[in-house]
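Position chain B relative to chain A; hints supplied.
Chains as they are written, first to last, in my numbering: chain A, 1 to 220; chain B, 221 to 309.
In short, the hints are calculated from the structure, not lab data. Just so we're clear, the structure is a prediction, and the values are computed from it rather than from any experiment. Think of the CB as a built atom: it goes at the ideal place given N, C-alpha and C, for glycine as much as any other residue. Just to be clear, a hint being listed does not mean it is correct.
Stated by the list, open to error - Taking lysine-lysine and the DSBU-like style, the derived pairs with C-alpha atoms no more than 30 Å apart in a straight line are:
| no. | chain 1 | residue 1 | chain 2 | residue 2 |
| --- | --- | --- | --- | --- |
| 1 | A | Lys129 | B | Lys297 |
| 2 | A | Lys2 | B | Lys297 |
| 3 | A | Lys2 | A | Lys129 |
| 4 | A | Lys3 | B | Lys297 |
Said to hold, decoys possible - Calculated from the model, a selection of chain B residues having no Cβ within reach of chain A, i.e. all distances over 12 Å:
| no. | residue |
| --- | --- |
| 5 | Ala245 |
| 6 | Gln254 |
| 7 | Ala264 |
| 8 | Ser284 |
| 9 | Glu304 |
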Amino acid sequence: MKKLFPAGVAICAVLFAYAPIAIGRAPYESTMGLVQKIFYFHVPSWFAMFLATFVCGIAGVVFLFTRRRAADAVAVAAAELAVLFGLLGLVTGPLWARKAWGVWWQWDARLVTALVLWLIFAAYLLLRKYGGPGSERLAAGVALFGMANVPFVYWSVHMWRTIHPLTSVVPTLPRPLAGPLWLSVAAFLLLFVLLLGMRSRLERLRQALDDAYLTLEEQS
Amino acid sequence: MKTLIASLVLSLFAAVAAAQQPPPAQGGFVPIDQLPAAEPFPAAPLVIAAYAFVWLAVAFYVWSVWRRLDRVERELKAVTARVERGARP
Chain A
1 MKKLFPAGVA ICAVLFAYAP IAIGRAPYES TMGLVQKIFY FHVPSWFAMF
51 LATFVCGIAG VVFLFTRRRA ADAVAVAAAE LAVLFGLLGL VTGPLWARKA
101 WGVWWQWDAR LVTALVLWLI FAAYLLLRKY GGPGSERLAA GVALFGMANV
151 PFVYWSVHMW RTIHPLTSVV PTLPRPLAGP LWLSVAAFLL LFVLLLGMRS
201 RLERLRQALD DAYLTLEEQS
Chain B
221 MKTLIASLVL SLFAAVAAAQ QPPPAQGGFV PIDQLPAAEP FPAAPLVIAA
271 YAFVWLAVAF YVWSVWRRLD RVERELKAVT ARVERGARP
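In isolation and in its complexed conformation, chain A is listed as follows (with noise of 0.2 Å):
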């Protein structure tokens, strides 16, 4: 593992390099212009936030019913990628809803969803910061909540009237559009492996920091 990781650095850092020209290079949408290319870095992002939920709410219920450490530690990881990733969703897309739809902000079903999923993440988030022994659990709970959420957040612009594009964008790209997607998509998905990887590792050793200073204190 310890070897992979400068490998996946070096290939991220050539997909993000790369990125730019591919995406400056692609055509303009027909009716936003410019600001479509916000696309190619908003779509990822929400790829990326669900992927985090769903390994937090795997790892979340690993725990539950097994009590690794180790899932809890990927569980918290992935908590903080789902914030992390979801906050660019949610900073991105208003950027691009000013210039598309006029205003920065709808109380529409597809942003509100994602906007109360980034907010169960955030909730985990300060359970396990301020909940104190035994939030773990919990957390677990909110992790499985939040990764239940994430099918409505997706259906929501088939199941509701929304100014929102509908999730048939994407399969139905034109392939000079689709191109600089799919190597944004694989550039953030990379990203979030390798920032899950460093993250579990800081996880890993605040819980054997934990245990020296248990065992420090037994000795005194």
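The following block gives chain B in isolation, referenced to the frame of chain A:
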């Protein structure tokens, strides 16, 4: 019945004729510099802001994890040394 159909067809023709009328004549000339801006919210600053925010947020997060890792590693090393000293007979 025939009268009704005839009046409907005539109304349809009238509607088509009305739709094909030329736009109203211009009432006055306006100098080009007095025209409202064609693009009140230019896209470029929004695109730049979006990409800059993504880069800065990711860079800040990487730096924050790096700093926390460094601090925890140093603290762990110090506490482990204290545990080992305490364990020595």
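- Item | Enumerated hints in conflict with the structure, sorted upward | Hints 7, 8, 9 not satisfied by this model.
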